[in-house]
Amino acid sequence: MKRVFAFVLALAMVCCLAACGSTNNAASADRDKVTFTMGVDPEYPPFSYLGDNGQYTGFDVEVCAAACELLGWDFQVFAVNWDEKLIQLDAGECDCVWSGMTILDSMKEAGYVISQPYYDNTQVLLVKEGSDITSSADLAGKRVAVMLGTSGEAMLADDLADLAASFDDLMICNSFLSCFTELGGGSVDAVFVDLPVAAAYAAENPGFTVINEALGAEQYGIAFRSGDQALCDAIEGAVAELVSNGTYAEIAAKYPDISPDNLVFLNK
Amino acid sequence: MTLLTMTVKLAEGLGKTCAIFFLTLLFSLPLGMVVALLRMSKNRLISGVTRFVISILRGTPLMLQLLAVTYGPYYLFGAGVARNKLIPVVVAFAINYAAYFAEIYRGGIESIPVGQYEAAEVLGYTKLQTFVRIILPQVVKRILPSITNEVVTLVKDTSMAFTVSYQEMFTIGKQIANSQTSFTPFLVAGVFYYVFNGVVDFAMGRIEKRLNYYQ
Chain A
1 MKRVFAFVLA LAMVCCLAAC GSTNNAASAD RDKVTFTMGV DPEYPPFSYL
51 GDNGQYTGFD VEVCAAACEL LGWDFQVFAV NWDEKLIQLD AGECDCVWSG
101 MTILDSMKEA GYVISQPYYD NTQVLLVKEG SDITSSADLA GKRVAVMLGT
151 SGEAMLADDL ADLAASFDDL MICNSFLSCF TELGGGSVDA VFVDLPVAAA
201 YAAENPGFTV INEALGAEQY GIAFRSGDQA LCDAIEGAVA ELVSNGTYAE
251 IAAKYPDISP DNLVFLNK
Chain B
269 MTLLTMTVKL AEGLGKTCAI FFLTLLFSLP LGMVVALLRM SKNRLISGVT
319 RFVISILRGT PLMLQLLAVT YGPYYLFGAG VARNKLIPVV VAFAINYAAY
369 FAEIYRGGIE SIPVGQYEAA EVLGYTKLQT FVRIILPQVV KRILPSITNE
419 VVTLVKDTSM AFTVSYQEMF TIGKQIANSQ TSFTPFLVAG VFYYVFNGVV
469 DFAMGRIEKR LNYYQ
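Top to bottom, those sequences are chains A and B. Under our numbering, the first sequence has 220 at position 220, and the numbering climbs by one with no breaks. Adding 268 to a residue's 1-based position in the second sequence gives its number in our numbering.
One chain only, chain B, in its complex shape (with noise of 0.2 Å):
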């Protein structure tokens, strides 16, 4: 096999990493707001249930979590297995990659000091425009290091996919390591997978400066 017909199929590949990639972000991020505001919820029920929860998803091995999403109806309720795999395996991710999300967004609202609050009520703002208006710009920029901290790290998971054979980058990868007895192609998935990093890293910068408006 050549080295352009390798780049080929693995570019192949990408094309379904980046769906990996962009669904689990739309899903993950507004869920993750979700989870946060549960998380901080006043009802200690509530807030207890979604600790337990996020132990769970950040505890646990997200192979694993592939794993059980994609085969464990299979095993538990005989169900049938996701002919498209993209199904599971985005589900896996978003949940997983939520729980993760909720706590940054946690830490970020929690980071905004109480001034405020009290500020905004004197000055008849209701609570959902204090949180819509004040609290949350200040949030997203403060947390939005960490966020593309995680945002690099799905781009390498992705490749995890590859338990449950859906076939991503990484899956075809190791297909054709494996025909060719060849290491190339790993390199070669390696280069693609810093240049997709690369272009995260450039969009993530930009985002950031444009946030940057009281400087």
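If we strip away everything but chain A, and leave its shape as in the complex, we get (with noise of 0.2 Å):
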């Protein structure tokens, strides 16, 4: 019995070995292959969503898949938990952050290697059509959604506090689609969101408005861990590449809810 579990045991070892090898194998015969991993929030229409082919797809999966063949890598795509990006970032589970993601200060502060920024962002409100709110003036007293992580979220603790100071609430939700579906519902009067969101809601579901009024500029960027700078810049080249050879603005073209004025490459 002893035996036959020594031998066992040896095979398993071999079995191990000859794994390992393998591997190496394969690396080596590939090494030039570089997988690139985009994490990207899967709710987050125009810009990252599941699309109807089941496949991710979105404005800035799009780039970046053109990108990634412009150099030659394989390309995937990551969805993370939006309020936990930064940590999936460096955990290693995917090789940047870029879905629509508002550059933050206390991103850079944080030491992540950060992007040119590609995209000029406001924050607006969503309602419901016929609402009496015209502007952020009558949100006193009124039930406001937000979704938890975004800058929008950051913007009402800090920079617009005053203003949040002056909801009856302030819903922190956990997703776009709840915020909306807590809008439709009518718990709360208003969604303070992303406008490419918001007019991307607006047009695939009828009844609702985005109301015309820019209540906080900020700009999208992609965080990439810290010392990824080579990596940065190697995506930033392909991007510009991208941008001059046209593929860029065709790639825009698709998705009409993203003003090409508020593409930055496209304005320089």
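For the record, the hints were derived by calculation from the structure and aren't laboratory data.
Dumping the calculated EDC-like pairs for lysine to aspartate or glutamate here, alpha-carbon to alpha-carbon at most 20 Å:
#, chain 1, residue 1, chain 2, residue 2
1, B, K284, A, D168
2, B, K277, A, D169
3, B, K277, A, D83
4, B, K277, A, D158
5, A, K254, A, E43
6, A, K268, A, E241
7, B, K277, A, D168
8, A, K85, A, E43
9, B, K284, A, D169
10, A, K33, A, D74
11, A, K254, A, E241
12, A, K33, A, D233
Starting from the two chains in their separate frames, assemble the complex, guided by the hints.
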């Protein structure tokens, strides 16, 4: 019995060694092939979302896919939990966070490599059609929803804290959809949200209006781990090439809710 | 944010966590008994339907049931979404836990030997008297450890209310963790849950001891 056991153990060891060898070979043969994993919020149309065909798509996803193709890299999408995106980036679950992400000073202070901004964003209010709210001044005593982990939430806690204090209640929701559902169901009067997301939702779902008042200017960028400057440069270079060969504008044209006026690279 | 502010914020959330906990027990413990009796009904249709309902409640995630109760009416019938989230949260929790309690009650009731019913009948007890005076007291003693198990789970399950943005302790913990990029609020919340469960454990242990009157 003991002998059999020893034999099995020895066999297992050999197999392990063999396995090590084979992976090493595979790695050296495929050393030039980089797999680039972009971290996205899977519920952030039109920048990143689950498309009708069941694949992740959106403006950011398509640009990244095109950039990776240009660089000859394998391209993968990883859906992050938005309020833990930077922890997941640090953990190596993805190589960047690129998903309509607002550049915050705190990210730079924490040492993340942040790309050039590529989109000028504003926060707006989404309300139900026929609502008596026509500007942020009408929000006093109203119930407002905002999504957890968005720049809108940070803004209401900081720059716009006075505005937030005038609300009857600020509901911090778990996803954009739950914000919009609360609005549709009448439990809140307005949603504080990024303009393109609001525009995309209002276009798809009748009965909602975006209030034309920019409540906070900010810019979208891509976050990489600290020390990944080379990776950031490579991606920025590829994107610049996509801009110059017209692919970038072509992709942008597919997303009418993303205004070309706000795309920084198209206005240089 | 200092640790103190953080703890105070979380303690505020703990109040709402307690609200979910106590209201859920208040409704689900009696509701579970009703469901158990329906489940044991001699009428095949009633017991069959109850069995099916229990299978759905136990066979789908509580998180899904929470979303269904809170947002389902809006998507299906265009009805409004409740402003006070405590109502849909407690409804979802109470229904879900009633299904589990029902099965625990059933197990307890069915563990009592038939001979006791026969003896009670010979002694002239009515069916209701037999159940309330003879069967139920024994059932309660037998099922208490299983009930404690569920109650302890309930303390932790209250954290799922974050899916519908109810401002209980875990929801607040997530918000603080997010704005401070810190793990500390989760640790503090963990301590709160642990202490809460320590109290539950102690209370249930006392009840068990008190009911242990034959030893």
